[in-house]
Amino acid sequence: MKFIIKIFLILVVAGSMASACNKQFLDLKPPASIPTNEAIVDESSMTTAVNGMYSALRNVDFFGRSIPIDGDLMADNIYIDPVQNSNRYLIDMTYTYTETYGNIQNTWSEAYNAILRANNIINATVASSATVDQLRGEALTIRALCYFELIKWFAKPYTVSPTSPGVPIVLTYDPFAKPARNTVAEVYTQIEKDLTDAVNLLDPANDKNSSYVTQLAAQALLARFYQFKGDWGSAGTVASNVVSAGKFTLADSSGLSTYWSNPFPVSNGLETIFEVEFDNVNNNGTDNLSNFYDQAGYGDALCTDDLYFTYSATDARRGLIQSENRGGRAVWVVHKYPNTTNVNGKDASKIIRYAEVLLILAEAYARVGDNTNAQITLNTLAQKRDPQFAGYSSTGNSLLNDIYNERRKELAFEGHRYWDYVRANQAVVRQSISQYGPGVPATLPAGSNKRIWPIPRAELNANSNITQNPGY
Amino acid sequence: MRKILGFISLLTMFCTPLLAQNIISGKVTDSKDGSPLAGVTVRLKEGTTSVVTKEDGTFKIRASSRQSILVFTSIGFAPEEVSVGSKTVINISLSTEEKKLQEVVVVAYGSSDKKKVTGAIAKVAGKEFENVPIPSVDAMLQGKVAGLQSVASSGQPGGLQEIRIRGIGSINASSEPLYVIDGIPANTGDVSHNTTTANALAGLNPNDVESVSVLKDASAASLYGSRAANGVILITTRKGRAGKTKIGIDIQSGFSEPSYLNNLGRPLNKNQYTELTKEGLSNATGGDSATIAFYLDALGANNGHNTDWIGLVTRQGITQQYNASASGGDARTTFYLSGGYYKQQAAVIASDFTRYSGDLNLRHKLNDKTSLSLSLNASHSIQTTPFQSANFRSPVLAAYYLRPYQYPYNADGSYNYDPGLFEQIFNPMAIAHYDWSRLETSKILGALSADYDIIKGLRFSTRIGIDYLSLEEPSYENPFFGDAVTTGGNMTNFYSRIFNWVWTNTLDYTRDIDKAGNLNADLKVGYEGQKSTEYDIQAIGNGVPQLTTLPLPPTSNPTQAIATGTDYSFASVFSNLQLNYKNRISVSGSLRRDGSSRFGVNNQYGTFWSVGAAWNIDKEDFFPETKYVSALKLRASYGTNGNANIGNYGWRSLYGFGVDYNKFPGSRPTQVGNNNLTWELNKPFDVGIELGLLKNRINVEVDYYIRQTTQLLQNVPLSLTSGFGTYPANIGSLENRGLEVTLNTTPYMTKDFRWDLSVNFAFNKNKVTQLDNNADIVNLPYIIRKGEDVQSIYTFIWKGADAQTGAPVWYKDGTKKETTSDVTQVDNAIIGSASPKGFGGLTTTFSYKGIALSGQFNYQYGNLLFNTWGFLSESDGAFFSLNQDKKEYDRRWQKAGDITDVPQYVAGNQTQSNTTSSRYFFKGDYIRLRNVSLSYTFPKSLMSPLHIDNLTIYVRGTNLWTYTFDKNITFDPEQPINGANDLQVLMQKTFSFGLNLNF
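Here the protein sequences line up with chains Z and V, keeping their order. Taking our numbering, the leading residue of the first sequence gets 1, the next gets one more, and so forth. Taking our numbering, the leading residue of the second sequence gets 1, the next gets one more, and so forth.
It should be emphasised that the hints constitute simulated quantities derived from the structure, not laboratory data. Backbone N, C-alpha and C fix where the C-beta goes; we use that ideal spot for every residue, glycine too. One thing to keep in mind: the hints can contain errors.
[Stated by the list, open to error] As a list, the in silico DSSO-like pairs of lysine-lysine whose alpha-carbon atoms are at most 27 Å apart:
id	chain 1	residue 1	chain 2	residue 2
1	V	K786	Z	K178
2	V	K817	V	K786
3	V	K663	Z	K29
[To be verified] A few chain Z residues facing chain V, derived, Cβ under 10 Å:
id	residue
4	E38
5	A177
6	S211
7	S267
8	G269
9	V276
10	T286
11	G299
12	T314
13	R318
14	Q322
15	S323
16	N325
17	G328
I would like the entire structure built from these sequences, with the hints used as guidance.
Given below as structure tokens:
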């Protein structure tokens, strides 16, 4: 029996030795991740987090593809080939989305995921320095950009109903919060504040290339923000600041296709103010935006007849659309994103270009009745694209129509067309409806509930404080 | 200690001369045919003297006295005891009669006499796994164990097998059982990273398996603590036996075809498709002939081709296996050695599996007290796997959805991959020719152990086990067409190495508590440490040479070169006590404390326990001698155990990397974490009765169980505005209760003829008892709702086509009172579950002299199957550019008055009639002849002169016959656990011939 006791003693000793080692033995950390509280602690880790924040913009249902595609598809610039397609975006084209539609849920969650990444950078306890201020300014701009997209897609336009429900404003990390929707006006106030703060923090001396936010990029986005708000005075002031900075130039008509075929960010101020970079490693593969236009990829999205024939024959932008064969039929194929098969680089998603700032400025002038400056600004762009063009000389509503028409031609396939309809509270009318195939609606009336997207079901399920948009 | 040793040797020295004259000789034979038995251990019941019979079955042993008792033991035979008395010659025959055997079953950390077992354990003998044309043991368990549901997730050979024991025990963590192979808790399941479906257990040659024990209840399994909740499967590999060296050779070859193709599910031929499409276009355009002609031409109707894609994609695959083994040894050293080759081609192109395997088991008795043993099982397998599901490269997708106008070969015989013709789904023949995806797995399972008998009854065992896996997964996408044409071809390489070690130390103490030996105890204590580390490399690039001949094409543009890994550890102490009174009553209790890296800091250690009791009533004095009831045992158990399959670092709040920008490193928050996160807790209760009737000609085993599983891992939804979707917490509960019945009988037996029949069936009822906020978790078409089955189907209820208009008609809700043709007016309702109400197997064997005919039927009922892609193949025209199935064609509404369940076919249909609804669900009831074999064993009289012990030839078929109960079903009724047909590689039936030779 003594012997047994001995054995047990040995066992107990061995067991306790084993458990002493246990703490270490059981404390296994993932080899390629770090604890959240160690993630942003200094300049270099903040730089890494800012890169991660930009990469969030690349998501397929964010700026990667859905935002630029839907902005044209839900209007009248492009259609999905009704015979041969990969079944993508048919729901968007036919306005049949519901609160369980995956693309919409992804846009919602990816926007807020990008906001989380930005929030953690903005709120990190890292002492101010030139680098840190610049990074914070970039994060504030991206946060504003994300809220701007959210408010566009999920809430009524400010110009229609500023007091209607917007989206929840989340500025700090709290995974268990169930925030209610702020009003459209409150979200607008937050966006304005973030962009203004960003402009103050960002320093042109620290400008990187066009794939990073700069002070002028923040101002350009602020100009667009005032345009959507209908605050034409501020829109004009900020837009003319960007123009008068003198940093940005337009490509010559002969160089336009060269500009579009360049897959790399620029530092020379040519056209691009801010873009989301896709390189040959970090891209969405077959889900790249370009694959959806290029016939070497899915090639499902095709330019409508009426858009194509809006361009004059001498317009350099018409050269970006070519007639090609798809399943034995001639179709208009978009060539704004020609790097589908380029192994060295992929097409960036352009967030804002100099041409848009000029168009905002022209519209701001026109809206406040300054026809002369509106014409000058508009013609600067239009005649650059089409050197044969005599220039616009219209005034009033007719001039506004010309500006909208020029916006359509200039910003086609970059996701802006639908918002010109929405902002102006006009019905979408598809002139080339016969190309869309059987059963596709020819119009989307201004009063339709389908003008904005539903709040995703997953959000409603998890957040008892949130309300659905009418009609879903 | 030393004193005792000295005393024994002294005693032996004194005794030896005295015993010299008392020599017993004799011969041991097989009771079946009288043939001599070699390798039988003959030992004196007192002391340690033992000998082994020679090849002619003879032995000689010195008996100590007339009171001595000789014990004859040999694996596979019932042991016999004979008193020496005045005999000097003892001839004896041993019987293989199974019912007579004192059945030994492998249990947690040991083995036990089945009579003493207090838990629910099912044993499957190794011969059930021999020479079956299925690559892995887990797949062969289907229909063999009551309450064990085993289903293939795909027809891919070497693909994942899903096993559920006593129902589904988890919502978000794995519901798979723990596999312990020769004492090693192994990494199993699909551990691949770049392969559609794989199974780590497919590396173990089933022919090397001696037995499988399935531990189902608390008493049987709780000694495995935090990993036993979903049952434990103990796999023991073959060991050698002392005696003449035996050589075994098995050869098998055959072919495979799709197991079940249904006419209703067949894609249309050219004429049918043209007719349907024309009608659809006409209905859409009001008969505008120009538009109809335009679309038909655009689809390719005028190109003169009529391709049978399903005929091209399916094939007659080859299946082959060769196994050779040698085993033998002497009283001190025994060995088993084997080698195997297995090759199987699926019934679908680009899908096959090849395995080379070897096994070595050595056992050596160093001295009377110490023995060493080694088991080493190594294999290398090569699997090629096509894409499944709706991937445009999936051959099964292509077979069903490519139009008959599309054609695989150009006029000159080259592959046709014109993107103008194959606008979305690629030509599967060209994909199979140009692209490939391979998984090469090297697997080593090894255990080195030493046992030391400290004193009589007290044994110390230590065992170091390793479970090593190395996976190479290259895949290639050609630069000429397909997904990689835009990147100039892709080459992807994944390499993973998983090293899993476990060190187990146990002390096992057995002793009689009273002097008469009526009450004895078996106490086991031990501790165990385990750590599994995984290392992964991904090397991906694009831009490959424009060649088709390179086995490993280099890439001009490397895009990914990442190494990562994942690991887990367990540290445990455990103990088990078993008390047995006169073989009548057994009581057992177990206790285990587990710590794991997977559990959050606030809950890192858990304690699990069980109690069980068994009562062999037939051994009681009061039990009447009756010829009807020959055995009766009652048992019951209760306890706790856990499910630690909750992922490796789920409790930590983390930032991850790899979200790079401009090729500079980027970081992002990846998970919320939860410091309280821990195991799922399972509380199984079990009562069982084991009954033998008519001298055990009939054996019945019935078990009733209730499993309450709480603190289930749930991914609790967060507001997406937080930037996260969910965080993990232990919240939900569910319950499984059920009944299992196993019947083994020999209904008829004469000298030459014998009929064996065994049947098992199990009923399980699952119910969700608690959820986070008791909110439904909807993942259409599934819903997890309190009070319902965890796999409930939640969908629209389909009524059919409006007889007047051909419009779709749904019931508005589950009450079925109102109908509508407006899809927005329809609500989902629960229409059933993907889990079967009951399932089981039936095995029957007829043998007459050397001829044996054996069949195994599997069946299940009460579940629903889901045609996941039915909305494409029965689209009512919404997807008119894809081929449709025969059901759509046969039953479509065409004119007023047609009563049918398929609406009008309208090209570009906007009615959303193809929204998921009960229309795409079928009753999953089926009976399938899983296995049938006819064998002939040549008579001994012919073989003995050739020095052959046994020669058997056979033919064997698997899945040869299938009966489905739903007239509307369009596909194979054998589908994954969730019942969803997801265009997997088709299941196969095989037909093979084989030969077994032993000498």
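| N325/Z as chain V interface residue, shortest Cβ-Cβ below 10 Å | holds, 7 Å
| query | Given the hint that K663/V pairs with K29/Z, does the C-alpha gap stay at or below 27 Å? | reply | Between K663/V and K29/Z the Cα gap is close to 26 Å, so the pair holds against 27 Å.
| request: Under 10 Å, Cβ to Cβ, is where A177/Z needs to be relative to chain V, so tell me if that hint holds or is violated. | output: holds, 6 Å
| query | Is the interface hint for Q322/Z satisfied, with its Cβ closer than 10 Å to some Cβ of chain V? | reply | At 16 Å from the nearest chain V Cβ, Q322/Z fails the 10 Å test, so the hint is violated.
| Does T286/Z pass the interface hint, meaning its C-beta sits closer than 10 Å to a C-beta of chain V? | holds, 5 Å
| task | Take a quick look at whether K786/V and K178/Z sit within 27 Å of each other, Cα to Cα. | result | Roughly 24 Å separates the two Cα atoms, so the pair holds.
| message | Please check whether R318/Z passes as an interface residue: C-beta within 10 Å of a C-beta belonging to chain V. | response | Violated. Min distance 25 Å.
| request: Under 10 Å, Cβ to Cβ, is where G299/Z needs to be relative to chain V, so tell me if that hint holds or is violated. | output: Where the cut-off is 10 Å and the nearest Cβ of chain V is about 8 Å from G299/Z, the hint holds.
| said: S267/Z was flagged as interface toward chain V. Is the shortest Cβ-Cβ separation under 10 Å? | reply: S267/Z check fails; min Cβ-Cβ to chain V is 12 Å, beyond 10 Å.
| said: Please check whether T314/Z passes as an interface residue: C-beta within 10 Å of a C-beta belonging to chain V. | reply: violated, 32 Å
| said: Is the interface hint satisfied for S211/Z? The criterion is a beta-carbon contact with chain V at less than 10 Å. | reply: holds, 6 Å
| Given V276/Z as an interface hint, is the shortest Cβ-Cβ distance to chain V below 10 Å? | holds, 9 Å
Hints 7, 8, 12, 13, 14, 15 from the earlier list are contradicted by this structure; the remaining hints agree with it.
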